[in-house]
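For our numbering, count along the sequence shown from 1 and bump the result up by 237.
Beta-carbon label-pair distances, calculated as ranges:
#	residue 1	residue 2	range
1	A291	E259	30 to 36 Å
2	N265	L241	17 to 23 Å
3	Q315	E283	16 to 22 Å
4	V309	G260	18 to 24 Å
5	A295	E259	36 to 42 Å
6	Q315	P248	27 to 33 Å
7	G303	P248	28 to 34 Å
8	D282	G260	30 to 36 Å
9	A293	E259	33 to 39 Å
Just so you know, the hints here were simulated from the structure itself, not pulled from any lab data. Using N, Cα and C, we set each Cβ at its ideal position, and we do this for glycine too.
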Amino acid sequence: MSTLYRMQFEPTHDSWILLYPEGMVRLNAPAAEILQRCDGRRTVDEIVAELEVAFAHAPLHDDVVGFLSQAVQCGWLQQGNA
Numbered sequence: 238m239s240t241l242y243r244m245q246f247e248p249t250h251d252s253w254i255l256l257y258p259e260g261m262v263r264l265n266a267p268a269a270e271i272l273q274r275c276d277g278r279r280t281v282d283e284i285v286a287e288l289e290v291a292f293a294h295a296p297l298h299d300d301v302v303g304f305l306s307q308a309v310q311c312g313w314l315q316q317g318n319a
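Produce the entire structure from the sequences given, and follow the hints as far as they go.
Dropping the structure here:
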């Protein structure tokens with residue numbers, strides 16, 4: 238996760254959000270599941286494999302990579318943090 242963003246569960250919104258100095262971004266459930274696994278220790282392939290097992294759905298690789306690419310473009314993640 239970029240140091241400018243902090244992810245937390247917001248009970249009033251019943252969803253995960255990214256907080257940053259100028260505001261917040263409400264995440265949908267798949268985005269939150271992906272970002273929670275972006276800890277700098279897991280590879281993208283490991284994240285995909287975990288999600289495919291957790292949700293009994295495959296293939297997810299293209300969807301996860303697409304989301305991660307958008308997250309980097311938005312500044313939520315730094316390249317190599319997934």
